[in-house]
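Colleague: If you read the protein sequences in the order shown, they are chains V and R. The first sequence runs 1 to 324 under our numbering. The second sequence runs 1 to 324 under our numbering.
Because the hints were derived from the structure by calculation, they are not lab data. A few of these clues could be false.
Stated by the list, open to error - Output of the computed footprint for chain V on chain R, the stretches with three or more beta carbons under 8 Å from beta carbons of chain V:
1) 149-159
2) 175-188
3) 260-268
No experiment lies behind these values; they were computed from the predicted model shown. Every residue gets a Cβ at the ideal spot worked out from N, C-alpha and C, and that includes glycine.
Number of protein chains: 2
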Amino acid sequence: MEQDFVVGVDIGGQTTKIGMVDRKGTVISEPRIIRSDKHTDEFLFFDELSEAIDKLAAETNTAGKIKGVGIGAPNGNYYDGTIVHAPNLTWGGRKTIKVAEILSEKLGLPVTLTNDANAAAVGEMTYGSAIGMKNFIMITLGTGVGSGIVINGQVVYGHDGFAGELGHTTAVRYNGRLCNCGRIGCLEAYASAIGLARTAREFVEANVDRDEFNQRSPLREISEPVTSKEVYLAALQGDGLAKKVFDYTGRKLGESLADFVAFSAPQAIILFGGLAKAGDFIIKPAEQAMNEQMLSIWKDKVPLILSILPESDAAILGASALAW
Amino acid sequence: MEQDFVVGVDIGGQTTKIGMVDRKGTVISEPRIIRSDKHTDEFLFFDELSEAIDKLAAETNTAGKIKGVGIGAPNGNYYDGTIVHAPNLTWGGRKTIKVAEILSEKLGLPVTLTNDANAAAVGEMTYGSAIGMKNFIMITLGTGVGSGIVINGQVVYGHDGFAGELGHTTAVRYNGRLCNCGRIGCLEAYASAIGLARTAREFVEANVDRDEFNQRSPLREISEPVTSKEVYLAALQGDGLAKKVFDYTGRKLGESLADFVAFSAPQAIILFGGLAKAGDFIIKPAEQAMNEQMLSIWKDKVPLILSILPESDAAILGASALAW
Numbered sequence: 001m002e003q004d005f006v007v008g009v010d011i012g013g014q015t016t017k018i019g020m021v022d023r024k025g026t027v028i029s030e031p032r033i034i035r036s037d038k039h040t041d042e043f044l045f046f047d048e049l050s051e052a053i054d055k056l057a058a059e060t061n062t063a064g065k066i067k068g069v070g071i072g073a074p075n076g077n078y079y080d081g082t083i084v085h086a087p088n089l090t091w092g093g094r095k096t097i098k099v100a101e102i103l104s105e106k107l108g109l110p111v112t113l114t115n116d117a118n119a120a121a122v123g124e125m126t127y128g129s130a131i132g133m134k135n136f137i138m139i140t141l142g143t144g145v146g147s148g149i150v151i152n153g154q155v156v157y158g159h160d161g162f163a164g165e166l167g168h169t170t171a172v173r174y175n176g177r178l179c180n181c182g183r184i185g186c187l188e189a190y191a192s193a194i195g196l197a198r199t200a201r202e203f204v205e206a207n208v209d210r211d212e213f214n215q216r217s218p219l220r221e222i223s224e225p226v227t228s229k230e231v232y233l234a235a236l237q238g239d240g241l242a243k244k245v246f247d248y249t250g251r252k253l254g255e256s257l258a259d260f261v262a263f264s265a266p267q268a269i270i271l272f273g274g275l276a277k278a279g280d281f282i283i284k285p286a287e288q289a290m291n292e293q294m295l296s297i298w299k300d301k302v303p304l305i306l307s308i309l310p311e312s313d314a315a316i317l318g319a320s321a322l323a324w
Numbered sequence: 001m002e003q004d005f006v007v008g009v010d011i012g013g014q015t016t017k018i019g020m021v022d023r024k025g026t027v028i029s030e031p032r033i034i035r036s037d038k039h040t041d042e043f044l045f046f047d048e049l050s051e052a053i054d055k056l057a058a059e060t061n062t063a064g065k066i067k068g069v070g071i072g073a074p075n076g077n078y079y080d081g082t083i084v085h086a087p088n089l090t091w092g093g094r095k096t097i098k099v100a101e102i103l104s105e106k107l108g109l110p111v112t113l114t115n116d117a118n119a120a121a122v123g124e125m126t127y128g129s130a131i132g133m134k135n136f137i138m139i140t141l142g143t144g145v146g147s148g149i150v151i152n153g154q155v156v157y158g159h160d161g162f163a164g165e166l167g168h169t170t171a172v173r174y175n176g177r178l179c180n181c182g183r184i185g186c187l188e189a190y191a192s193a194i195g196l197a198r199t200a201r202e203f204v205e206a207n208v209d210r211d212e213f214n215q216r217s218p219l220r221e222i223s224e225p226v227t228s229k230e231v232y233l234a235a236l237q238g239d240g241l242a243k244k245v246f247d248y249t250g251r252k253l254g255e256s257l258a259d260f261v262a263f264s265a266p267q268a269i270i271l272f273g274g275l276a277k278a279g280d281f282i283i284k285p286a287e288q289a290m291n292e293q294m295l296s297i298w299k300d301k302v303p304l305i306l307s308i309l310p311e312s313d314a315a316i317l318g319a320s321a322l323a324w
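Generate coordinates for the entire structure from the input sequences, incorporating the hints supplied.
Modeller: See below:
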């Protein structure tokens, strides 16, 4: 029988989404969602996950036609199919979990795993903005900043399987913000949704530009804690302070992107995730800073492109693409 | 007839070195040296170069047994064998020079070209410290800072052939030094021989640690301009200020290396060039800063290794290795 389907699994801290995907990259039925954080024992979680996959196969009449399962997960290691020390997973901290081995045995299917940003890069290459590109960098701007680097048509996994942690390169070397990872000044502490909200709080507290704009800023009226979405809505309403927050965030991102280009000279950089949806508010300052900071050989030659994958399905599609 | 030899050509700003190399990586006779800077017309330079190669082949009795010519050159592009806008070459500025095409026609041999740091990486992989390594980063610490990145056993050239310009990633984001390239705060402005000498001048002028060391520093007695070699000799004599200069330089290097590791997760980083010969004076602070700055998954796992290739032959060997 032809194996015309793959299962995409997106393991997040709170929920895990499971979709059945056909060769064209269509998620053929409503994805199933299970809680990731119900258990502290990984085996109980994988019992539930394999049950959910079996049910999905039965419902979609795809049992026996499935080529394999692709998983995107935090701290996922492509080489050995493990999740290593994932503090955001209730069953993941301080352990190495043999995800591919456990699940493959339960399902009788090949299981491939990588981290979520690498899965997103594979998704872009297979179904999205990067079709036909051999060299690009995928940046996911969500709660954190993730990255997947593609060189010569292949995701860069490095010596140990953990390459591509661009969110944890240094955006601000001195007096930088403390990142969740324990380092100082990580890009993630500035260009994530959490980083943007923090910048907004700092700008409001510092009364930046109160005189310059001489106007009521909706941003100032928001009660703590400010969220990245509120900053976006304020910017949409023309709030100059909210735009400054995006400018600052975009510039920090662009300065780092310039350094990434010096590394792998990509054809394009593809942006995905909640912050990327702010569009020009963040893209324009990022592009400007990037072009100011690059060697002349690259100026105005490396476009910032938005992902065209629907956000609801992108993580599933990316993970599923691993299984082809 | 067996093709048991390759020609390695190292084009530098002042001189060009040409060596005949056998399969074991031995430069089989004294390299020939011609001036690079005698001409402003590239065709006259390539006339001389091809003549020198022919003579070397005749002298070493290798004519007819040569597999090809490998060239390492500033701003060399592997994809199309050109040198693009090389300001340090008297015949190279603001032009694209079809080196491989011109020389291949003259010699009747295949010619492969890349930039000098990429050639060094190929040399390490073929004959040096990186034999058997699939993922490593080569850093050349000379007048400038060059780099060659190897991923999955292949040099990273990127979309356009110019990947791996790690000397022009940002080491100091604010109030950084102006680099020769026009950018601000490049690693090259700190971790090169010129950067080190500049740090020495700045430290002497600022009277850093005069009290702390309460001693005559040989470094202070050197008349301008201080060279990197003089700093090294002072450090060898126990000059605390000279050691501080190396500490500062090594830390800047190590901080940047930590970011490079987050990119490609290499098995090791290999250092080559004049400054690398300062050994522990620069390696120790670099290692320390790198390990402080990396995510915990990499701490103490990515060694800094010195090249084992003899400096006199390394550039020729690296270039020659391209031709196999």
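Colleague: For a quick check of understanding: which of the numbered hints are violated here, in increasing order?
Modeller: none
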